[in-house]
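The whole structure should be built from the sequences, with the hints applied where relevant.
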Amino acid sequence: MEYTFILKKIISAFLMPLSLGLILAFIALIFLYLNSYKRAKVFLSLSFLWIFFISYGPLANKVLAPLENTYEKVPLNQKASYILLLGGDYESRAYEALRLYYLNKGSKIITSGYKGRGEISEALINAKKLISLGIPQSDILIQESPKDTKEEALSVKEIVKNEKFFLVTSAYHMKRAMRIFEKEGLNVIAAPTRFLVKDNYYLSLPMASSLQKTEVSFHEYLGLLWLDIKELFN
Numbered sequence: 001m002e003y004t005f006i007l008k009k010i011i012s013a014f015l016m017p018l019s020l021g022l023i024l025a026f027i028a029l030i031f032l033y034l035n036s037y038k039r040a041k042v043f044l045s046l047s048f049l050w051i052f053f054i055s056y057g058p059l060a061n062k063v064l065a066p067l068e069n070t071y072e073k074v075p076l077n078q079k080a081s082y083i084l085l086l087g088g089d090y091e092s093r094a095y096e097a098l099r100l101y102y103l104n105k106g107s108k109i110i111t112s113g114y115k116g117r118g119e120i121s122e123a124l125i126n127a128k129k130l131i132s133l134g135i136p137q138s139d140i141l142i143q144e145s146p147k148d149t150k151e152e153a154l155s156v157k158e159i160v161k162n163e164k165f166f167l168v169t170s171a172y173h174m175k176r177a178m179r180i181f182e183k184e185g186l187n188v189i190a191a192p193t194r195f196l197v198k199d200n201y202y203l204s205l206p207m208a209s210s211l212q213k214t215e216v217s218f219h220e221y222l223g224l225l226w227l228d229i230k231e232l233f234n
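When you number the sequence shown by the numbering used here, it's gap-free, plus one each residue, and the end is 234.
Relax, there's no trap hidden among the hints.
Pairs of lysine to aspartate or glutamate, EDC-like flavour, derived with a Cα cap of 20 Å:
#1 K115 / D148
#2 K164 / E182
#3 K9 / E215
#4 K9 / D89
#5 K175 / E231
#6 K175 / E72
#7 K164 / E184
#8 K129 / D89
#9 K147 / E119
#10 K129 / E91
#11 K115 / E144
#12 K108 / E158
#13 K175 / D228
#14 K62 / E215
#15 K129 / E144
#16 K147 / D89
#17 K147 / E184
#18 K150 / E163
#19 K73 / D89
#20 K115 / D89
#21 K150 / E231
#22 K105 / E163
#23 K161 / D139
#24 K128 / D139
#25 K161 / E184
#26 K198 / E215
#27 K183 / E151
#28 K108 / D139
#29 K108 / E144
#30 K150 / E182
#31 K9 / D228
#32 K9 / D148
#33 K175 / D89
#34 K198 / D89
#35 K150 / E184
#36 K8 / E231
#37 K128 / E144
#38 K183 / D228
#39 K147 / E182
#40 K157 / E144
Keep in mind that the hints were calculated from the coordinates and are not lab data. Treat the numbers as computed from the prediction; the structure is a model and nothing was measured.
Shown next as structure tokens:
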């Protein structure tokens with residue numbers, strides 16, 4: 001399982017938008033050293049145009065919107081016994097979990113996520129954040145072993161059984177996460193947060209924040225494609 005996880009991460013890294021742009025630039029550099037200036041110009045131009053487009057706000061929003069628009073924020077009258085807080089995007093996800101906790105008296109918060117290359121797990125980081133915001137430690141369940149969304153679904157299944165629970169994650173990740181959790185037969189309610197899509201300004205310049213949107217979009221679309229491939233062979 002560990003090797004499969006690492007392999008997925010490596011392949012995903014090479015298929016990210018910025019990586020593809022750098023690969024095109026690297027090919028241009030090879031042709032330049034081979035004195036094939038015409039081919040070098042072609043690949044350098046493709047690299048420049050590609051990086052321009054993936055950093056352009058309106059296009060980044062266009063790519064991201066179908067992911068974020070799948071689920072809306074949780075209505076105030078929606079109730080559940082548990083709140084699952086996935087790792088990553090600590091501030092926005094933690095505050096959404098906090099909001100749902102106070103709207104659902106007696107609920108428990110489950111924090112999830114492994115430590116990766118860090119010294120502390122994502123689950124523990126979120127747990128400490130929630131405790132600092134006033135959540136009693138007794139109301140927090142920490143799951144440090146799951147490395148990806150699939151493992152998080154299997155882990156929480158042992159805790160919640162058939163109980164309803166809120167799934168708190170970034171809006172762009174919710175479509176893939178819900179698909180994984182629903183496939184496990186869990187009684188899950190989408191609680192998206194950190195919506196990144198903003199109003200389109202077609203005269204805007206390429207920006208790093210827009211590149212980030214394109215990067216997370218590609219990551220999610222690749223994840224959805226991977227789910228399609230797995231279902232095809234299962």
